[in-house]
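Participant: Chains as they are written, first to last, in my numbering: chain A, 1 to 349; chain B, 1 to 280.
Watch out, some of these pointers could steer you wrong.
[Claimed, not checked] Derived contacts from chain A toward chain B, CB cut-off under 8 Å, selection only:
#1 A50
#2 I77
#3 A78
#4 A85
#5 P88
#6 S99
#7 H102
[Said to hold, decoys possible] Mimicking DSSO-like on lysine-lysine, the simulated pairs with C-alpha atoms at most 27 Å apart in a straight line are:
#8 A/K167 <-> A/K177
#9 B/K184 <-> A/K73
#10 A/K73 <-> A/K177
#11 A/K73 <-> A/K115
#12 B/K10 <-> B/K267
#13 A/K177 <-> A/K115
#14 A/K107 <-> B/K184
#15 A/K177 <-> A/K203
#16 B/K184 <-> A/K115
[What the hints assert, rightly or not] Sample of chain B residues facing chain A (criterion: CB under 7 Å; computed from the structure):
#17 E170
#18 L171
#19 E173
#20 A174
#21 R176
#22 D178
#23 L180
#24 P192
#25 L193
Rather than coming from a laboratory, the hints here were simulated on the basis of the structure. These numbers come from a predicted model, not from an experiment. Virtual Cβ for every residue (Gly too), placed ideally from N, Cα, C.
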Amino acid sequence: MASVTLTDVRKSYGATAVIHGVDVDIADGEFVVLVGPSGCGKSTLLRMVAGLETITDGEIAIGDRVVNDLEPKDRDIAMVFQNYALYPHMTVATNMGFSLEHRGTSKAQIAERVKWAADILGLEALLDRYPRQLSGGQRQRVAMGRAIVRNPQVFLFDEPLSNLDAKLRVVMRGEIKGLHQRLRTTTIYVTHDQVEAMTMADKIVVLNAGRVEQVGAPLDLYDRPANQFVAGFIGSPAMNFIGGRITPGGFVAAGVTLPLPAGLPAGERSAVYGARPEAFALAPDGLPATVTLVEPMGPETQVTLMLGEHQIIAVFRERVKARPGDTLHIRPDLEAIHLFDAETGARLN
Amino acid sequence: MKTELAPRTKVLVYGLMCVLLIPFVFPTWWMVTSSVKPISQIFAFPPDIIPRSFDFTTYGRVFELQPFAQQYWNSAYIAALVTIGTMLFSSMAGYAFARIRFPGANLLFMVVLLGLLIPSEVTIVPLFQMFLSWGMINTHWPLVLVPIFGAPSVFATFVMRQFFIALPVELEEAARVDGLGRFKIFWTIALPLARPALAAVAIFTFLHSWNLYLEPIVFLSSPDRFTLPQALTQFTDAYGGALWNVQLAAASMTALPVLIVFIIAQKQFVEGLAHTGLKG
Ligand SMILES: Nc1ncnc2c1ncn2[C@@H]1O[C@H](COP(=O)(O)OP(=O)(O)OP(=O)(O)O)[C@@H](O)[C@H]1O
Ligand SMILES: [Mg+2]
Chain A
1 MASVTLTDVR
11 KSYGATAVIH
21 GVDVDIADGE
31 FVVLVGPSGC
41 GKSTLLRMVA
51 GLETITDGEI
61 AIGDRVVNDL
71 EPKDRDIAMV
81 FQNYALYPHM
91 TVATNMGFSL
101 EHRGTSKAQI
111 AERVKWAADI
121 LGLEALLDRY
131 PRQLSGGQRQ
141 RVAMGRAIVR
151 NPQVFLFDEP
161 LSNLDAKLRV
171 VMRGEIKGLH
181 QRLRTTTIYV
191 THDQVEAMTM
201 ADKIVVLNAG
211 RVEQVGAPLD
221 LYDRPANQFV
231 AGFIGSPAMN
241 FIGGRITPGG
251 FVAAGVTLPL
261 PAGLPAGERS
271 AVYGARPEAF
281 ALAPDGLPAT
291 VTLVEPMGPE
301 TQVTLMLGEH
311 QIIAVFRERV
321 KARPGDTLHI
331 RPDLEAIHLF
341 DAETGARLN
Chain B
1 MKTELAPRTK
11 VLVYGLMCVL
21 LIPFVFPTWW
31 MVTSSVKPIS
41 QIFAFPPDII
51 PRSFDFTTYG
61 RVFELQPFAQ
71 QYWNSAYIAA
81 LVTIGTMLFS
91 SMAGYAFARI
101 RFPGANLLFM
111 VVLLGLLIPS
121 EVTIVPLFQM
131 FLSWGMINTH
141 WPLVLVPIFG
151 APSVFATFVM
161 RQFFIALPVE
171 LEEAARVDGL
181 GRFKIFWTIA
191 LPLARPALAA
201 VAIFTFLHSW
211 NLYLEPIVFL
221 SSPDRFTLPQ
231 ALTQFTDAYG
241 GALWNVQLAA
251 ASMTALPVLI
261 VFIIAQKQFV
271 EGLAHTGLKG
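Same shape as in the complex, but just chain B (with noise of 0.2 Å):
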């Protein structure tokens, strides 16, 4: 794909893409500003593209309402740990469906993809009653375990093994012949050069974790072991009205790890990608 575009196309498709552009830039857009607007201006119309008056105390309120550098923290390494376990579960998970034959394999594959098919909202009850069985509710286990046991680890063990499929066999079979057992076939071999799988898998995984919603609420009862989706819904006055500008500070702050972690990944799937150029 080197073909030059014409100058007259090149303008137009490039106006044609910050149209479109416009949808997904403004919801950020008006987060962000309106985290700094008196709460009067937020529902204005029209809306202030640029904001009159710039007021960040509402960001040092979002840490005075809420334990919010706990909960910051508790997103944080709970997503962390759940990406990492993800990423090594899946990938071995995976490798094994790829590459093993065992008895039922096919079987068994077909089993835990079924996983992806059941709703989390349909198991929530009976994991409630697990966890209160094991002691584990209001802790962090839950949120930890369900993820890298469940729907997100059953996606990304599919696409793993879907690359170490496509990956060519001769590679292993040269490490076998250069002296590697199985294990650090795919330690040594098939994992680094799975970098692009592994950095889509760590981009979903750390995303779904981050914006887990339904189970903190189930799991977790008090506000310093909540994660951010949760504490976001705790912004409020007296009388329960919402505080928009204060809620607002904190949700601009929840999505800017999402936003590091897009920019980190998407260099390794690029420099991956170009790693795989195995034959040319």
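Chain A extracted, bound-state conformation (with noise of 0.2 Å):
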């Protein structure tokens, strides 16, 4: 197991440069998840750690070892792909065996890994069979096996779950998330699924073109995002942004005014207001807001509500009888909202 530190790296196709210089640390023993939207990265910076991807620039270190000119083979980590890239022409058993069997393990020692790899991750009875004799689970399974019988350093993930239904997606977040408080291997899971990226994550970077946004615990990215490309990336439904002008009588958009939070730099200013769908609670000395659309969720019950000329999600913990056309008077939670200056969408508050 060990650290991976990525000091300003840079990488460009030719003339174009597609990751503008990236910082990020990871402890020994953390759970990282990359999380962006497409075409921002990830994979890339990803392939760069496992030394697919050659680095224009900047530095990366495996443990006290800097990687950049290391072949992947000798950089002691392990890779699961989107699509899994199981040898189609190898059993399950030799497919988990084959990067031992190319370092010179004794056949014994391969066949311990091997059932040792497929009692974790219940592949047992599965150990003669082809890939294509697999259901996708059971295929995601198997690469997480040829991953973990090699004890590396690292894991790399580059969204393994995106070609499962929904509800295997859940199951086998739990598993990768129990696979590490077992092992505890260094991991670096990128996904384009910011659920994905909360439940599973010690610690999550935000790329944007490029560029990390913020780093940070799920939890911290979701309570004080940096800017309002974090605050509007992470959590679902998105948070509500409304734009106006901060001014001492609260904020004012078209046709609402808002309550601001206190301790905001004093003066005049366009700003953009954040709020969280539950962010906003009923009550009746609170703002008016008509309804558009009612969606019950069982514990909880979404609203799509216009607040002065500005449409919102709002919510509520309750069961809200409403119907499109009513009025509802709710109020913001002043501790939950979000200020964001109008042109950099950097935190104000």
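From the two separate chains plus the hints, produce the assembled complex.
Facilitator: Encoded structure:
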């Protein structure tokens, strides 16, 4: 096991730069999720750690070893690919033992390691099958088995669950997390699904267009996003954004004036008011808002409202019996209000 | 494609296929049956579909008139060498063109492909002079070397390259992470998965070598070095008249390995295709 340190890592394909200087410190045993929209460079970054992609500039270290010029096989990492990349012409057991075979491990030891991994992942009965004879979830497990038999310093996952259906994804999410809790191997996990990021990570790295937007624990990112991008990316349904002006009398937006939290820098300025759906509470003395859609979820109710001229989504713990056209009175929780600079998107409060 | 045909359509389709089969099967049937007929009956009209008499002595005479066993062996080992050599070279070259980026790769590939456009008749004279200066005339060397480094191999390289390009690159990346070097990746991952392409290459290379005619008659002069297509022209009587039935007996024996290669390679081909079912 080892730490992983990225220092000002850059990548260009010819003249196009896709990673613009990324600094990330990953502690030994940490589960770090790289998350961001499609095309932001998550896979590229992961593949640079794996050694499958050259590093244009900067430095990547695993433990205290700079690995920039090392081949993947010399970096002591294991990778799980999105399409699993199981060798189609080999059985599950051979697939899992393949890397050991090429490192001169004895047959008996390989068999022992494969059995150990198969035990953990519940693959004992499938060892003689070929990948084409497995279901999606089983293939996923074999791919993980192939990664863990070698007991590498770092696990790398590139969107390992995106080929599975929603239910299985939840199951496998739990299994990967469980595996990490058991083995405590440093893990870098790439996904574009912020729910996966929130539920699995010790630490999330939010990437956007080849830059790190914010690094932090899931709930820190959720509660105190550093900028409007992170605020909008983390959380589902997404945070409501209302554009307007900060004034001494409150936040003035089209058709509505919202209360402001204390401790803001003095002076009027244009800004973006951010409130998560659950930051609104029903209150008789709150702001009037017109209901356009009610979606009962069971434990909570999701309501789409017009607040002034802004459409917002609010989630209430109680059952709301309103119907489209009705007026609800809502009050934002001032503790949970985020204000962002209208131009740069940087956090103001 | 799992549509069940209605019984009537089925009968119709199979009937049509049987009719279409006739022009393909008839020449072979004629060759085999004529090899056991007396010469006079071969050209009888209408032809006898089933011969009236069977005379298998023609098969014995094939071996009396020519060192046919030796010639058979010549053809067989040359075709085998050519097939193995071509599979080896074309898969390596195809893999290199598909996966290794080196300066001028595309240009080089174009140059290689141009080799397909040059008919062998054009190059046969310079080749003859080259092999003459190497002292290889009336040996089997030209028949082995020319196909392995010539047009059939170029085509095979093209086929292999296309196959390797289509192979998911993640498999090889997984192998790199698993600790394999370039050659081992090629040998243990890419090549086993290329079975269908290799089978196709094997079929047409073997056939090409087995049927090679121009090169043997240019390069070979002693009958015990002849290959089969060349030997087939030698079954004549003292006056140069063709001994049709003996010749057709030799031709039937010549065609036999082709049939066997087809059956074996076809099985490989289908199994190989099933193997590449990467993702479901
Ligand atoms: N070989 C390449 N040549 C040029 N540009 C590339 C190459 N590979 C990737 N890119 C570019 O680099 C950027 C990052 O790609 P990358 O695959 O890392 O995105 P990603 O964050 O993994 O996206 P996704 O969630 O869709 O997988 C993209 O804009 C992509 O177009
Ligand atoms: Mg990706």
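Participant: Give a verdict on every hint.
Facilitator: Consistency of the hints with the structure:
no.	hint	in the structure
1	A50	holds, 6 Å
2	I77	holds, 7 Å
3	A78	holds, 7 Å
4	A85	holds, 4 Å
5	P88	holds, 5 Å
6	S99	holds, 4 Å
7	H102	holds, 5 Å
8	A/K167 <-> A/K177	holds, 16 Å
9	B/K184 <-> A/K73	holds, 13 Å
10	A/K73 <-> A/K177	holds, 25 Å
11	A/K73 <-> A/K115	holds, 23 Å
12	B/K10 <-> B/K267	holds, 25 Å
13	A/K177 <-> A/K115	holds, 21 Å
14	A/K107 <-> B/K184	holds, 19 Å
15	A/K177 <-> A/K203	holds, 13 Å
16	B/K184 <-> A/K115	holds, 26 Å
17	E170	holds, 4 Å
18	L171	holds, 5 Å
19	E173	holds, 5 Å
20	A174	holds, 4 Å
21	R176	holds, 5 Å
22	D178	holds, 4 Å
23	L180	holds, 6 Å
24	P192	holds, 5 Å
25	L193	holds, 6 Å
The structure meets every hint from the earlier list without exception.
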